[in-house]
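Chemist: If you want the building blocks of each chain, they are given just below.
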Amino acid sequence: MRGQGFRDTIGASTQGSRLDLNDYPVTVPSTSSIGCYWPYVMSQNSDGTVKWSSYGGSNADVAWVNYTLEAHSSIGTGLVVMPAATVFSNAGGFLYRNNDNGKMETFLADRNNNETGLAWGNSESRGSSSLKFLR
Amino acid sequence: MLSADIILNTTIAGFAVGRPNDSKNQTNTYGLYQDTNGTVQVIWEDDATGWKGPSTYDAFNDADQGTDIACVTAAAWADATLQTNQVMNRCFFQVGGKVREVYYDGTNWQDEGYLPIT
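One line per chain: the protein sequences are L and H, in this order. Using the numbering used here, the first residue of the first sequence is number 1, and each one after it goes up by one. Using the numbering used here, the first residue of the second sequence is number 1, and each one after it goes up by one.
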């Protein structure tokens, strides 16, 4: 997986610049979609589980981390990544096609890799305090 | 779990926006997909009652069968929360090979016309 960053600032190169994600060892099968919403990038493993990668900031001990989430997604499913709270560090999640029943499902992810599998609006899972901005 | 059936290879799109007048940092979330008739369907959650839809809207009329759909979510980072202003609720898809923009103002989906690209 490779990334290119574009910044709408005066003087910034219009071609953008490579992300340090390029130095992070995430490989993606050719069947996978890629979804992203900063700072989350996600892809699908060959067994239908989902790889959730997140960026913790340039001052974090480890800039990029990734987890495997046990979402049983259809191979090649679209993946839509979105914030699940207005404070980005609280929660992110995604929409995908559940391969077990063919239905669209939501999946809430947090930095502690706690899979919830709960509906997006569950007030208990929203804004999980286990999620922290690294630096 | 949401209740909308979708075919295997259909596009899925979505966006989130801060929930207006909410003290718990909650978001309104919208999901879009194309059904087997080629109609773009919208599902959404904007309060505590759970997911709503699917519903269709005129702004999505004539979407090409098999079109991709892409939507925009505003940024949120360490120094900025996801905005509650609805102005960036925009999605893009193909109609006759052209790219149409639609805009959700918090109440209605509006056809914003075609992008000047080929």
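Since the hints were derived computationally from the structure, they do not count as laboratory data. These numbers come from a predicted model, not from an experiment. Hints may be right or wrong, so weigh each one.
[Unchecked claim] Calculated lysine to aspartate or glutamate pairs in the DMTMM-like style (CA-CA distance at most 25 Å, straight line): (1) H:K52 - H:D79; (2) H:K52 - L:D100; (3) L:K103 - H:D47; (4) L:K103 - H:D79; (5) H:K98 - H:D79; (6) H:K98 - H:E112; (7) L:K103 - H:D35; (8) H:K52 - H:D35; (9) L:K103 - H:D68; (10) L:K103 - L:D61; (11) L:K103 - L:D23; (12) H:K24 - H:D58; (13) L:K51 - L:E70; (14) L:K103 - H:D64; (15) H:K24 - H:D111; (16) L:K103 - L:E70; (17) H:K24 - H:D35; (18) L:K51 - L:D23; (19) L:K51 - H:D68; (20) H:K52 - H:D105; (21) H:K24 - H:D79.
[To be verified] Restraint ranges, calculated between C-beta atoms of paired labels, are given here: (22) H:G38 - L:G102: 16 to 24 Å; (23) L:R18 - H:D47: 24 to 32 Å; (24) L:V62 - H:K52: 36 to 44 Å; (25) L:D47 - H:Q110: 35 to 43 Å; (26) H:V95 - L:S30: 39 to 47 Å; (27) L:S13 - H:A78: 22 to 30 Å; (28) H:S55 - L:V62: 40 to 48 Å; (29) H:V72 - L:T14: 35 to 43 Å; (30) H:T36 - L:S13: 39 to 47 Å; (31) L:V62 - H:A80: 19 to 27 Å; (32) H:A80 - L:G11: 33 to 41 Å; (33) L:R2 - H:G38: 17 to 25 Å; (34) H:N108 - L:R18: 24 to 32 Å.
Idealized CB from N, CA, C, for every residue including glycine.
Chemist: Compare the structure with each hint and give your call.
Modeler: Here is what the structure says about each hint:
| no. | hint | result |
| --- | --- | --- |
| 1 | H:K52 - H:D79 | 32 Å, violated |
| 2 | H:K52 - L:D100 | 22 Å, holds |
| 3 | L:K103 - H:D47 | 22 Å, holds |
| 4 | L:K103 - H:D79 | 36 Å, violated |
| 5 | H:K98 - H:D79 | 37 Å, violated |
| 6 | H:K98 - H:E112 | 13 Å, holds |
| 7 | L:K103 - H:D35 | 12 Å, holds |
| 8 | H:K52 - H:D35 | 16 Å, holds |
| 9 | L:K103 - H:D68 | 19 Å, holds |
| 10 | L:K103 - L:D61 | 38 Å, violated |
| 11 | L:K103 - L:D23 | 35 Å, violated |
| 12 | H:K24 - H:D58 | 33 Å, violated |
| 13 | L:K51 - L:E70 | 9 Å, holds |
| 14 | L:K103 - H:D64 | 22 Å, holds |
| 15 | H:K24 - H:D111 | 32 Å, violated |
| 16 | L:K103 - L:E70 | 16 Å, holds |
| 17 | H:K24 - H:D35 | 34 Å, violated |
| 18 | L:K51 - L:D23 | 17 Å, holds |
| 19 | L:K51 - H:D68 | 22 Å, holds |
| 20 | H:K52 - H:D105 | 17 Å, holds |
| 21 | H:K24 - H:D79 | 17 Å, holds |
| 22 | H:G38 - L:G102: 16 to 24 Å | 18 Å, holds |
| 23 | L:R18 - H:D47: 24 to 32 Å | 42 Å, violated |
| 24 | L:V62 - H:K52: 36 to 44 Å | 39 Å, holds |
| 25 | L:D47 - H:Q110: 35 to 43 Å | 42 Å, holds |
| 26 | H:V95 - L:S30: 39 to 47 Å | 30 Å, violated |
| 27 | L:S13 - H:A78: 22 to 30 Å | 24 Å, holds |
| 28 | H:S55 - L:V62: 40 to 48 Å | 43 Å, holds |
| 29 | H:V72 - L:T14: 35 to 43 Å | 20 Å, violated |
| 30 | H:T36 - L:S13: 39 to 47 Å | 44 Å, holds |
| 31 | L:V62 - H:A80: 19 to 27 Å | 23 Å, holds |
| 32 | H:A80 - L:G11: 33 to 41 Å | 22 Å, violated |
| 33 | L:R2 - H:G38: 17 to 25 Å | 34 Å, violated |
| 34 | H:N108 - L:R18: 24 to 32 Å | 41 Å, violated |
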